[in-house]
Amino acid sequence: MKDLQDIIKKGVCKGVNSLYELEFEVDKVNLAATRKDFEGEYTVVVFPFTKAAKKKPEVIGEELGNFLKENLEEIVDFNVVKGFLNLSIDPQIWIDFVKEIHQNDKFGRAESNGKKVMVEFSSPNTNKPLHLGHIRNILLGWACSEIYSAAGYDVVKTQVINDRGIHICKSMVAWLHTGNGETPADHDIKGDHFVGKYYVKYNQIEKEQKAGLKEGEEAPILTEARSLLQKWEANDPETRKLWETMNSWVYSGFDQTYEDLGVTFDTLYYESQTYLLGKTYIDQGLKDGIFYKKEDGSVWIDLEDAKLDHKLVQRSDGTSVYMTQDIGTAQKRYEDLGSEKMVYVVGDEQNYHFKVLFEIMKRLGVPYSEGMYHLSYGMVDLPSGKMKSREGTVVDADDLIAEVIQEAHNGAKERGSIGELEQDQQDEILRKIGLAALKFFIMKVNPKKRMVFNPKESVDMQGHTGPYIQNAYVRVKSVLRKAAEMDWAGDTSYKDLKPEEKELITMIYTFPDLIQHSAKSYDPSMIANFCYDLGKAYHKFYHEHQILKVEENTRNFRLKLSESVGHVLNTGMGLLGIEMPERM
RNA sequence: GGCUUCGUGGCUUAACUGGAUAAAGCAUCUGACUACGAAUCAGAAGAUUGCAGGUUCGAAUCCUGCCGAGGUCACCA
10 MKDLQDIIKK GVCKGVNSLY ELEFEVDKVN LAATRKDFEG EYTVVVFPFT
60 KAAKKKPEVI GEELGNFLKE NLEEIVDFNV VKGFLNLSID PQIWIDFVKE
110 IHQNDKFGRA ESNGKKVMVE FSSPNTNKPL HLGHIRNILL GWACSEIYSA
160 AGYDVVKTQV INDRGIHICK SMVAWLHTGN GETPADHDIK GDHFVGKYYV
210 KYNQIEKEQK AGLKEGEEAP ILTEARSLLQ KWEANDPETR KLWETMNSWV
260 YSGFDQTYED LGVTFDTLYY ESQTYLLGKT YIDQGLKDGI FYKKEDGSVW
310 IDLEDAKLDH KLVQRSDGTS VYMTQDIGTA QKRYEDLGSE KMVYVVGDEQ
360 NYHFKVLFEI MKRLGVPYSE GMYHLSYGMV DLPSGKMKSR EGTVVDADDL
410 IAEVIQEAHN GAKERGSIGE LEQDQQDEIL RKIGLAALKF FIMKVNPKKR
460 MVFNPKESVD MQGHTGPYIQ NAYVRVKSVL RKAAEMDWAG DTSYKDLKPE
510 EKELITMIYT FPDLIQHSAK SYDPSMIANF CYDLGKAYHK FYHEHQILKV
560 EENTRNFRLK LSESVGHVLN TGMGLLGIEM PERM
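Be aware that the first sequence starts at 10, since it is given in our numbering, and climbs by one per residue.
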């Protein structure tokens, strides 16, 4: 596969050199895809050459265009609009490109580069079920992992399970008081929902108790939770046993949700096992003068020169804080996995925390500090406003998943297009459609942006949606099924490339670059929107042109083109964790 | 208050990272199924890109100042 961009850029440099004696760096050449309303596929912006050439942009465009047309066999024509030089590529190159890749279902994926990257995402607390916010986190983390893998990296997916702390003890206390020894199995509900129920109950009790107390007094149940935490830390067997039992309920619930979302992890870290790590680095940092000790014994770092203020890294009683843990955990991971890149998928309310963490690691001089990245994403709001767990306005992950699949069922009933299939096959297809609607709805938005989750729009299956793209894929599959008895491997002497075909090919051609770009900018939404654009272009092509009932060479080519589109759509959506059905 | 992120048609999002006439979807109107599947396609209407300056061949994008909405500034995680 030819690297056209590279060829053109080098040609441009050679051109301005021979025409205007200008030394221009290849990387600096401003080359873009040509806008639809103009003839051509690539556009060179010639404004940067005006100074050296001392000529009008239009003249430079003409001269450079002529140079390129004469010197590059790939370029067959050009036109100049203002300061923009539009280049037309030899159509045969596009046709050959399709012939080259149409059977390659791995097209777009890079060769392994041997580099390791660890992606941390999800990282739930074990006192309540997952909600909509986790879903965005999980989908981003998963997509980021898949994209890095496709970009050639060796990816390790991990999560830190926050299985320890006062919040867990609160659920435990409530269960001790009101649980009567019940288990999730007694009520046939998921373990995480079961435990979450007690967390809610705890908060009710605390609120009731507080109502009868004076300002500043602590509710008795909170005192109990605290003492439970102390017992836990002292390794009290009974407390530990209850803790283990309740956590195990939660884990089985999480496992189910992860399975429904199609997500797995390669390795897990439990906070209960890592929260004491990091202290050795505090001592080391003190020795090296990176940290300083206050009179009361607490340890701090001065980050004023990085505009980050002073930050506590160890309490006066010698115990760890959040930051201490993260320092230790990062180091442990590096020792375990040896990954020089670490991506933390965490909400943007923790931007400051990660800035500080990365700055500390840099000052500690760890070898991987440059590879640490906080994939920060915006909160998910509801049309009614912020989600607040205390006010019961959270959208539960399991409910949401069930709802979108139900919506897919409703839609299918109206259409009745897969009614002749077996029930379990139908269910499988509708599961894919429902999840595609949900996942795409979330993934199409740039992660950095705060987003509004409108439940009605999230189950939409028309327009800029996951099912719309699935439908394009299903059309490809449908055509290929019909073509199965034909022999379309041969004659592709097709010459007369139509605009809709060229559009599809040029899009596919950019796919490998897009994966790299998406990885570098940690942005799965680029892939999502590409898939939409490609699906849209295929729908249009499909509508404008016949595929099967045309001359043989045309038919053969269009089938190969369709097959290529199918592969790219499948790969692209796969990177987002969205599965494609064969029919729908 | 300090630091920080954001503000694009009625709504939800794009814009190849400073490029051409700001691009799509939803909602609203008009058309297209005896067709390789209409979860589709074609078209209409809808925008002074929060406001005001500046930088330059060129600004939604960069700089400054306002206005508005978040986040964060814990010996919580």
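Please note that the accuracy of each hint is not assured.
[As the list claims (entries may be wrong)] List of simulated lysine-lysine pairs, DSSO-like, C-alpha gap at most 30 angstroms:
| # | residue 1 | residue 2 |
| --- | --- | --- |
| 1 | K210 | K125 |
| 2 | K504 | K486 |
| 3 | K465 | K397 |
| 4 | K453 | K465 |
| 5 | K558 | K486 |
| 6 | K549 | K115 |
[As the list claims (entries may be wrong)] Label pairs and their calculated CB-CB ranges:
| # | residue 1 | residue 2 | range |
| --- | --- | --- | --- |
| 7 | D433 | L285 | 43 to 53 angstroms |
| 8 | D195 | D522 | 53 to 63 angstroms |
| 9 | E358 | V209 | 16 to 26 angstroms |
| 10 | F47 | G401 | 34 to 44 angstroms |
| 11 | H526 | Q265 | 30 to 40 angstroms |
| 12 | L312 | V209 | 36 to 46 angstroms |
| 13 | Q14 | G425 | 39 to 49 angstroms |
| 14 | F56 | T519 | 16 to 26 angstroms |
| 15 | T519 | K458 | 19 to 29 angstroms |
| 16 | E553 | K465 | 27 to 37 angstroms |
Hint data in this document are derived by calculation from the structure and do not stem from the laboratory. Heads up, the beta-carbon is just placed ideally off N, CA and C, and yes, glycines get one too.
Results for each hint:
no.: 1; hint: K210 to K125; in the structure: violated (44 angstroms)
no.: 2; hint: K504 to K486; in the structure: holds (25 angstroms)
no.: 3; hint: K465 to K397; in the structure: holds (20 angstroms)
no.: 4; hint: K453 to K465; in the structure: holds (16 angstroms)
no.: 5; hint: K558 to K486; in the structure: holds (17 angstroms)
no.: 6; hint: K549 to K115; in the structure: holds (25 angstroms)
no.: 7; hint: D433 to L285: 43 to 53 angstroms; in the structure: holds (49 angstroms)
no.: 8; hint: D195 to D522: 53 to 63 angstroms; in the structure: holds (55 angstroms)
no.: 9; hint: E358 to V209: 16 to 26 angstroms; in the structure: holds (23 angstroms)
no.: 10; hint: F47 to G401: 34 to 44 angstroms; in the structure: violated (55 angstroms)
no.: 11; hint: H526 to Q265: 30 to 40 angstroms; in the structure: holds (35 angstroms)
no.: 12; hint: L312 to V209: 36 to 46 angstroms; in the structure: holds (39 angstroms)
no.: 13; hint: Q14 to G425: 39 to 49 angstroms; in the structure: holds (47 angstroms)
no.: 14; hint: F56 to T519: 16 to 26 angstroms; in the structure: holds (24 angstroms)
no.: 15; hint: T519 to K458: 19 to 29 angstroms; in the structure: holds (24 angstroms)
no.: 16; hint: E553 to K465: 27 to 37 angstroms; in the structure: holds (32 angstroms)
Checked against the numbered hints listed earlier, the structure breaks hints 1 and 10; every other hint is satisfied.
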